[in-house]
Amino acid sequence: MHGRKAYELVKEFASGEKGHLKIFNNELFERVIEECNEHHNALQSLIRKMQEEGLEVQTAKNADHYGALIHHLSLIRNKRCLMAYVYNRAEIIRDLAWKVGLLHELPCEIQEKFSDSEEQYFKDHSKSLKLYMSQLSLDVNVDLVPPKDPYIKVRVLEDLGSGIILSDKSANFARHSMHFLKRTDAEQYIARGLMEELTG
Amino acid sequence: MASSAGEWSAEQIDDYEALISTTDVELLKKAWRNEKASPEILPFEEALVKRAKEQIQLMEETVDDFEESGHDPLIVSLYQMDLDRVQFLLRSYLRVRLQKIEKFMFYIWKTDTYRNRLSIEEEKFTERCIRDMGKHLEETVLSKMPDNYQSVLKQSVISEEDDMVASRKPCFNASLFLKDHVQYIWGYDLQNMRGKFPEPQLDTFVVAKCERTTRPLYLDGSRQSAGFDSRQVAIRTLFTV
Chain R
1 MHGRKAYELV KEFASGEKGH LKIFNNELFE RVIEECNEHH NALQSLIRKM QEEGLEVQTA
61 KNADHYGALI HHLSLIRNKR CLMAYVYNRA EIIRDLAWKV GLLHELPCEI QEKFSDSEEQ
121 YFKDHSKSLK LYMSQLSLDV NVDLVPPKDP YIKVRVLEDL GSGIILSDKS ANFARHSMHF
181 LKRTDAEQYI ARGLMEELTG
Chain A
1001 MASSAGEWSA EQIDDYEALI STTDVELLKK AWRNEKASPE ILPFEEALVK RAKEQIQLME
1061 ETVDDFEESG HDPLIVSLYQ MDLDRVQFLL RSYLRVRLQK IEKFMFYIWK TDTYRNRLSI
1121 EEEKFTERCI RDMGKHLEET VLSKMPDNYQ SVLKQSVISE EDDMVASRKP CFNASLFLKD
1181 HVQYIWGYDL QNMRGKFPEP QLDTFVVAKC ERTTRPLYLD GSRQSAGFDS RQVAIRTLFT
1241 V
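Line order of the protein sequences matches chains R and A.
For the first sequence, the numbering used here begins at 1 and goes up steadily by one.
For the second sequence, the numbering used here begins at 1001 and goes up steadily by one.
Be a bit skeptical, because a hint or two may be false.
Stated by the list, open to error - Stretch-level coverage of chain R by chain A, calculated; a stretch enters the list once three of its residues show a Cβ under 8 Å from a Cβ in chain A:
| # | segment |
| --- | --- |
| 1 | 76 to 90 |
| 2 | 110 to 123 |
| 3 | 132 to 142 |
Said to hold, decoys possible - Think about it this way: if two alpha-carbon atoms lie no more than 20 Å apart in a straight line, the pair counts; the simulated DMTMM-like pairs of lysine to aspartate or glutamate are:
| # | chain 1 | residue 1 | chain 2 | residue 2 |
| --- | --- | --- | --- | --- |
| 4 | R | 153 | A | 1084 |
| 5 | A | 1144 | R | 34 |
| 6 | A | 1100 | R | 158 |
| 7 | A | 1100 | A | 1060 |
| 8 | A | 1100 | R | 139 |
| 9 | R | 148 | A | 1060 |
Just so you know, these hints were derived from the structure itself, not from any lab.
Here the structure is a predicted model, which means the values were calculated and not measured.
The beta-carbon is built from N, C-alpha and C at its ideal position, and this holds for glycine as well.
Kindly produce the complete structure, drawing on both the sequences and the hints.
Below you can see the structure in the form of structure tokens.
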């Protein structure tokens, strides 16, 4: 009661590694929402009681008034904690959309940590970004680091199949093969962990 | 213009710098730096972005022609390198703006000054961001809250202003990076004193912590922000930091 569960929720989020999501804690979330409703019911019954006694709710400074105030404050604190939890997770989801590539399938381990609404948010946000980029006809999510070399050496980590068409040639990406690719082409594969850059 | 072999006279340096500073690449660099350093979103450089895109396209065609005609591969890769770097600048500029929008979407939408600084595409993007975020918050939290507590921006119906986390604004009490084109020191006009006065480094990056909130500063002499004298900045950067 009184924000303790909500505090646990926020603490769980804050204690995680920065930029990494834990699985959406549905159970705790639901409990906090139940608490909100309890607070609300208590608040309303106190207000009704004051009104029955013929007292002005805003100004009569008796025990009921303060009781109602405490319920109200606990309620909005719970609301703030819940909103902060969801909002900050959404921020991390947006970062993932930037890094991992839009509308590509996220790896399983990450996907299972989303709640249903978060999955939908990820898709919606990816769509917005894609729409913006197509309006400008410019890809904004490549080139995330300043370019040092136009071509880089990469090693393929997963079997990606043959005949993949890149901007200047087509290549056969068998596992463990090494290629000399244009940086802009390789970036999306590197970001998804399918290739690694060889800097040696 | 007399100049000893290999050395440039001061006038030649001036001309060169004057020429360089007006190229689109320099302007793009400046816009990119300003955008990266400022916590709020700055006015969109529409004409500059348009010109940059056209020039990039021209360069791409040139590079493709060179490759096909079997031009010296070293030259081709140099052109390609230059092209990549300009593309990076442009993309990073747009990216930084988009990320600011994502961070402060509600605040930007509400405040007219910032809203007017967005490009048309950015406006549409902001709208969609707000719609997506609003929908997400509604579904997960707000629809389950009791009545009177269901607003995204206000904690409850009795809040007097938008006090929820989603409507926060950018923090202005932060350290600034200033690239200072020092024109004045102690009232001496450096242009006239060239050669007679030990010249300060004209390209100094300085970190200055502001004592009060500031507006974005354009310290290139062309656009001065009201109430912030460049002389104050010069003294402050050279003698305080």
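Status of the hints after comparison with the structure:
1. Check on the segment 76 to 90 of chain R: 9 of its residues sit with their Cβ under 8 Å from a Cβ of chain A, so the three-residue criterion for coverage holds.
2. Restraint check on the segment 110 to 123 of chain R versus chain A: 5 residues with Cβ-Cβ distances below 8 Å, three needed, restraint holds.
3. Evaluation of the coverage hint for the segment 132 to 142 of chain R: fulfilled, as 8 residues show C-beta separations to chain A shorter than 8 Å, against a requirement of three.
4. The suggested pairing of residue 153/R with residue 1084/A holds, with an alpha-carbon distance near 17 Å, which does not exceed 20 Å.
5. Among the hinted pairs, residue 1144/A with residue 34/R is consistent with the structure: their alpha-carbon atoms are about 9 Å apart, no more than 20 Å.
6. With a C-alpha separation of about 35 Å, the suggested pairing of residue 1100/A with residue 158/R is violated against the 20 Å cut-off.
7. Note on residue 1100/A and residue 1060/A: the hinted pairing is violated, with a Cα-Cα distance of about 30 Å set against a maximum of 20 Å.
8. Proximity of residue 1100/A to residue 139/R is assessed by CA-CA distance (about 18 Å); at most 20 Å being required, the pair is judged to hold.
9. Taking the CA atoms of residue 148/R and residue 1060/A, the gap is near 18 Å; set against the 20 Å cutoff, the hint holds.
Violated hints for the displayed structure, listed by number in ascending order: 6 and 7.
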